[in-house]
Amino acid sequence: MKDELAKTLVQSLKSAGINFVTYLPETRLSQIVPLIRDDPDIELIAVSSEQEAVTIAAGATLGGKQAAVYMENTGIYVSSYSLLTAGKQLGVPVLLIVGYLGGVPDQRNSFLYATIGKHTVPVLDGMGIDHTVLENGVNLEGKIQDAVRAANALRAPYALLFAGEFSV
Amino acid sequence: MIRHECLELLAGKISNQLVVTSQSGQRIEWAHLSKHEGNLLVGMMGCAIGVATGLALALPHRKVIALDSDGSVLLSLFNLPTLGNLRPKNLVVYVFDNGVYSGSRISYPTATAGNTNLEAVARGAGIENAHTIVDIADFKKKGLDALSRNELAFFVCKVDESLMHREIPRPNTDLAENKYTFVRYLERTEEKTIPFIGRG
Numbered sequence: 001m002k003d004e005l006a007k008t009l010v011q012s013l014k015s016a017g018i019n020f021v022t023y024l025p026e027t028r029l030s031q032i033v034p035l036i037r038d039d040p041d042i043e044l045i046a047v048s049s050e051q052e053a054v055t056i057a058a059g060a061t062l063g064g065k066q067a068a069v070y071m072e073n074t075g076i077y078v079s080s081y082s083l084l085t086a087g088k089q090l091g092v093p094v095l096l097i098v099g100y101l102g103g104v105p106d107q108r109n110s111f112l113y114a115t116i117g118k119h120t121v122p123v124l125d126g127m128g129i130d131h132t133v134l135e136n137g138v139n140l141e142g143k144i145q146d147a148v149r150a151a152n153a154l155r156a157p158y159a160l161l162f163a164g165e166f167s168v
Numbered sequence: 001m002i003r004h005e006c007l008e009l010l011a012g013k014i015s016n017q018l019v020v021t022s023q024s025g026q027r028i029e030w031a032h033l034s035k036h037e038g039n040l041l042v043g044m045m046g047c048a049i050g051v052a053t054g055l056a057l058a059l060p061h062r063k064v065i066a067l068d069s070d071g072s073v074l075l076s077l078f079n080l081p082t083l084g085n086l087r088p089k090n091l092v093v094y095v096f097d098n099g100v101y102s103g104s105r106i107s108y109p110t111a112t113a114g115n116t117n118l119e120a121v122a123r124g125a126g127i128e129n130a131h132t133i134v135d136i137a138d139f140k141k142k143g144l145d146a147l148s149r150n151e152l153a154f155f156v157c158k159v160d161e162s163l164m165h166r167e168i169p170r171p172n173t174d175l176a177e178n179k180y181t182f183v184r185y186l187e188r189t190e191e192k193t194i195p196f197i198g199r200g
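Heads up: the protein sequence lines correspond to chains R and G, in order.
Under our numbering, the residues of the first sequence are numbered 1 to 168, in order.
Under our numbering, the residues of the second sequence are numbered 1 to 200, in order.
Bear in mind the hints are in silico, worked out from the structure with no lab data behind them.
Heads up, none of these hints are tricks.
Pairs of lysine to any residue, SDA-like flavour, derived with a Cα cap of 20 angstroms: (1) R:88 / G:180; (2) R:88 / G:181; (3) R:14 / G:195; (4) G:192 / R:152; (5) G:141 / G:8; (6) R:88 / G:194; (7) R:88 / G:173; (8) G:192 / R:155.
Using the sequences and the hints, build the whole thing.
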């Protein structure tokens, strides 16, 4: 991802009200980590597993933050239990910022990632978690605001799957 | 020591703390002992410490308590290094360790009935203030004193298996009702709106 697109992404998260991010780094969107770390308006929390990234973000949401989780799409599988319990069952909105490795629009797709990518959307659908695939920075701010609004209204996690220009 | 007597003592100390409970017999006992609006039940095992950590980070001036079990902590050991590095000063974790999966109704032993020592695991993960409590006098002293200290505390409370929770009527408050009571209590006591609630 070009540095300018990473800056736009972080600025768009802020514009959507995101002020708390838990994360486990991955390869496609990792430029956002130092940008968020250096931003005084967003609290950045490193975790050991995507499963707790979701529960910690859910707790922060209940405590008044507008929380997001940044993870690789493998983290969707790892955190599926937390997404269903702390997310869906308890009804707590969390924005999922997901590097969509192995998805069709992933520009670095290969045999290493394709199987992981193929199952991401069906797994999200199986859990009833709404999602949007983002392939470029066109109206990024509006799309992230839409996702946060939808998550809050649904009282549920909402996943943004980043590929295309974000995966270059 | 049995869990209910610990919880009874703890319930007497609750004023404005936030208490997060996980799925186990202790959530039934706690719901029976405490009608505090700051109680939040996370409906499944392995999620309470994470949710409590998020609350503690979001509200650093507010004491947050996590009530958990050995089975739950074993299911979510990744919480320990995260806590050991974050060390939120306003979080107290009580793990009621009876050494069995009591809810399974076959009381199959957990790893702590064997060679696993959760205090040692927590210390190794960076939680310096981790202690094992084996009797009620120690719970009163160390366990309850932690509520007035400004330091992350992690207590492994070794309790006998008790089936008392099976005699107590289960709470009829559902998870959503509990969540909204909790959130409205927070809005009132923190004098702020919780953003995700919004307006219809």
